[in-house]
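For the sequence shown, our numbering assigns the number 435 to the initial residue and increments by one for each residue that follows.
Among the hints, erroneous ones may be present.
[To be verified] So the derived label-pair ranges between C-beta atoms look like this: (1) 1171 / 941: 27 to 35 angstroms; (2) 1331 / 1039: 55 to 63 angstroms; (3) 778 / 466: 37 to 45 angstroms; (4) 624 / 1132: 31 to 39 angstroms.
FYI, nobody ran anything at the bench for these hints, they're computed from the structure.
Ideal Cβ positions, reconstructed from N, Cα and C, are used throughout, including at glycine.
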Amino acid sequence: QTFNWGLRDTGTNTLQMLPAQSVGTVSGGAVFELGLEMPATFNPTNTKLRLDCSYCYFKNIQFIQWPLEYFVTQRTVTAQPTSLVSTYTYQYDNPAPNTDATSAAAAANGILYTNKLREFRGNSMSEVVDPAGTATLTWFNQSDALKGKPYDNLVMQQSFYDSLDTINSNWVATGGTQVVATNYQIDYDNNVQSYNSAANWNVSFARAASTLTSGKMAIARVRLSGANAQGEAGLLSGSGQFFGVTLSAAGGAVLQNGATLIPAASFKLDTWYVVMFFVDDSNGFRARIWDANNPSVSGEAVVSMAGGQAWKFRERINNGTQSLGLYIEGTPYTETITNYASTLQYDTVTGNGIPDLAASGLMTYTDLQVAWNYPTSTERRNYNGGSAFVGTKQVYAYATQYGNVTSTTDYSGNNGSWTAYRATQTEYYPNATTYVVSLPARQVTFACAADCTTNRVSESLNFYDSNTAYTGQPTKGELTTQRAWVQNSDYSQVSYTYDSFGNRQTQSVYTGYGTASAAPDATTRQWTFTTYDTDGYNTYATTVANNLKQGMQTSYNYALGLPVSLTDPNGAVTSATYDGFGRIKTITAPYDSSATLQVAYYDTRIPFQIDLTQAVNGTASIRLSRFYDGAGRQIQTQTVGAVVNGTQKNVVVDDQYNSLGQLVKQTAPYAIAYNGTPAFSTQNFSNPYTSTSYDAIGRTLSVTAPNGNQTNYIYTRLTSTVTDPKQNATTTTVDVWGRTTLIHPPTGPDVSYTYDVLNRLTKATRAGYDTIIQYDALGRKLNMSDPDMGYWQYQYDAVGNLKVQTDARGCILSLGYDSLNRLQSKASTGSCGQQITLNYYYDADDPITPAYDPPRYINTQIGRRTGMSDGSGQTAWTYDLRGRLTQEAKGIIGASLFTTSWTYNSADLPVTMT
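Let the sequences and hints guide you as you build the complete structure.
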């Protein structure tokens, strides 16, 4: 007998049937499980299930509607005009709807708001492989609260991938039964299931080739089934050594040396686990395992194994079934692991201490809950091809502060050993009435030398809505005062005011110091005042002026939201025009009646072309054309009309990229025939060029100059070695924070560097001689002990101006500034040999008078240093409206006046000097 089934649209009487299935004479009946996609042309209202069978009976029918999901499997980008092809491939593993395995609510068998199997939670792993074979794999949480949140992100150079949809020649099965199958309503992609009914280890499934050597890793997804089953997954060497885990309900997940990775109380049968095995002859073999649905159940260990061998993956099963759903090999580079916690805020279970959902009609659904999910730590590992890693970790803490992070502790890591380095604590004073709850009020950073709470290294205080204490609750959330700890009891301050539209109107700084609770002296205030448009937008800054009333004015094209003219305090106007896309077409600078710079866009040309024309004088200009491929990368530049050996030419530079978009070739400039209306010239790499090669994660491996000279680069986890064409090698070592800690040059002594927790250089040592630097909390150098210059000290005002410098001789240099923080004077005292006194003048200020009194009208020198005087005489400078120096007059005591003048063209290039 045969059995047919399918779908029928009764409105159009159209059938969509599966192939006929043979029933035959089977004791107890035959079981069929098949899937069928409903055609898009079918009307769901009219669609019926059709079952056809002659002389047979249907004992049980279970019909489940599945959502149909589509996934991108490949993306190919072809960039013209070079026809460079970049292909990215995508893989997905372990698709997960809300099943008993992924959903505690579904497993509870209560009444569900979202029926079982009707919510697609994505795949537990997705992968993208770039054109060079570098794969980025991301595993996701699948639980009710954390579904979709990434847990593990791994970057590797992938050499093998098998989704185990078939048993192929890459695998060898021994003993028992191995089938490709899925477990009903549990699996949603195929896996290889190895079954052994006997209590022995005679059934195995293994890679055919031993392809894993030092620096490689293997990844597998495994599952153990059977109450008394024992499973094994790991690596087998040619000499018979085994590195891996044994799985069982009684023992959990145990490494071959007896280390427990997941205890029996946390281990579950019929549950997928991800396992990673790292091969490293020098640093030990690493094993990691986690629950694919609940990664918080995990374990990790490192074991020393015999080196110099090739390994292959093998799994074995004893008295049960072990399933293999995914297998990958490659070289690991980086990994990011994010852990989470979840707190239920509302649910539908009465009497459990968690608030109930307010709507009583929802209380019957066991899967409805409101959870607060938050990351508790982020771990970043750098393997660089091995099992050992260096890295950093951030651990987050949350007090009862509306979900705000109240503490972050940074750790440095060396192969799993973590050391607390610095911690940042943040205080909030939320306003629940207006629900302004996420504004930080106080932030303190501590060095974790002894503990992470006492050694303060920085502190900032935020005051909102004109509160006089940072503990005051914000009402609107306008930041009105910021104070930063400097040293001792000194704090610097910045203050803000706002207009009625919420725009920041004034910003004030103070050269004097305040304290944590008191503002600086108001007489030390310096400010900037901003006014905004009154054309209905009230958001565009039209005038910005300082406390000397020197202002910059801006006008706008409001349709584009872009500035069309800028007028500086001297009255100099710079204007701009744009095309309909908001791209700059022209810029016109002072003194030019026509555009100083023109930009033309050729959107329909292949390749895309941009021409830039810089005016030089009334008849001459500098012209440059740039050409871009379809991916937006510059592939050619042409300098138009350059004179080469007395002949007008276009000078070309060609760029070539690989499929990852990395620059691999760049020609030296070469000449082609002059073309006044430049067009793309076919790239010509027969001309001399510089070539660059890269490793799997984009680091430069070599740079070869046109003459063949090559510079090579080698990387380890924390070092990089650069070897120049003469084979001189320089090795640079960095710490886990990316700071240079040691330089080993080709010749001469090494240089080492030490930093504080705020990344400031505190010591440099060369040949046993130390240079030591100390800072205040704002990072300003307070003193320096140098083996050559001796001991120097520095003092600053609250805005960071150096006020006093004392050198090793005891020579004291005092510096003065005007109200715009421009250096105004220098004067020395103490053991200086010869004392000095210098004065500086700005804005055409009269040096004869002690008061600041520049011309009030028709002054074109605002914002410029216009004079200085010292013991030898005086110097005066004059500028044009573009800020270009046009005259310098030097008066030396006992000598005549020396005057030098300059003129310029529209490109700001000097034309004459007299």
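Hint by hint, here is what the structure shows:
no.	hint	verdict
1	1171 / 941: 27 to 35 angstroms	holds, 32 angstroms
2	1331 / 1039: 55 to 63 angstroms	holds, 57 angstroms
3	778 / 466: 37 to 45 angstroms	holds, 42 angstroms
4	624 / 1132: 31 to 39 angstroms	holds, 35 angstroms
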